[in-house]
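Could you put together the complete structure from these sequences and hints?
The opening residue of the sequence shown carries number 2 in our numbering; numbering runs sequentially from there.
Keep in mind that the hints were calculated from the coordinates and are not lab data. Everything numeric in this text was worked out from a predicted model, so none of it was measured. Glycine included, each C-beta is placed from N, C-alpha and C at the ideal position. Some hints could be false.
[Stated by the list, open to error] Here are the simulated distance ranges between beta carbons: (1) 6 with 81: 28 to 34 Å; (2) 31 with 5: 35 to 41 Å; (3) 7 with 29: 32 to 38 Å; (4) 32 with 6: 29 to 35 Å; (5) 49 with 28: 30 to 36 Å; (6) 66 with 23: 15 to 21 Å; (7) 14 with 73: 15 to 21 Å; (8) 32 with 7: 28 to 34 Å; (9) 73 with 11: 21 to 27 Å; (10) 29 with 66: 25 to 31 Å; (11) 31 with 6: 34 to 40 Å; (12) 51 with 22: 19 to 25 Å; (13) 39 with 63: 15 to 21 Å.
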Amino acid sequence: MSLNEKKFREALGNINRRALSRFNQAQSLQNKQEAVRDFCDGFASLSRLAGNDNVSDELRLEVSRILSEWSQRGAETGYRA
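The following block contains the structure:
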């Protein structure tokens with residue numbers, strides 16, 4: 002795993018944990034939607050910074066899994082990007 006890939010994985014984990022904690026603690030639909038939006042915004046910023054470097058298939062699968070989970074949360078709350 003390259004250093005850039007390691008940093009990307011760590012940053013993605015931080016964004017995911019922060020947004021997931023906020024999502025799970027949300028008391029209202031609006032707060033859940035805001036947590037989904039925060040994840041989407043954080044992921045978009047991280048992706049722009051990371052560019053299109055070659056990454057491992059393992060990281061691609063991890064990103065795909067995380068995005069799928071957040072897509073489901075967005076669908077559950079009616080969030081539209």
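Which of the stated hints cannot be reconciled with the structure, identified by number in ascending sequence? none
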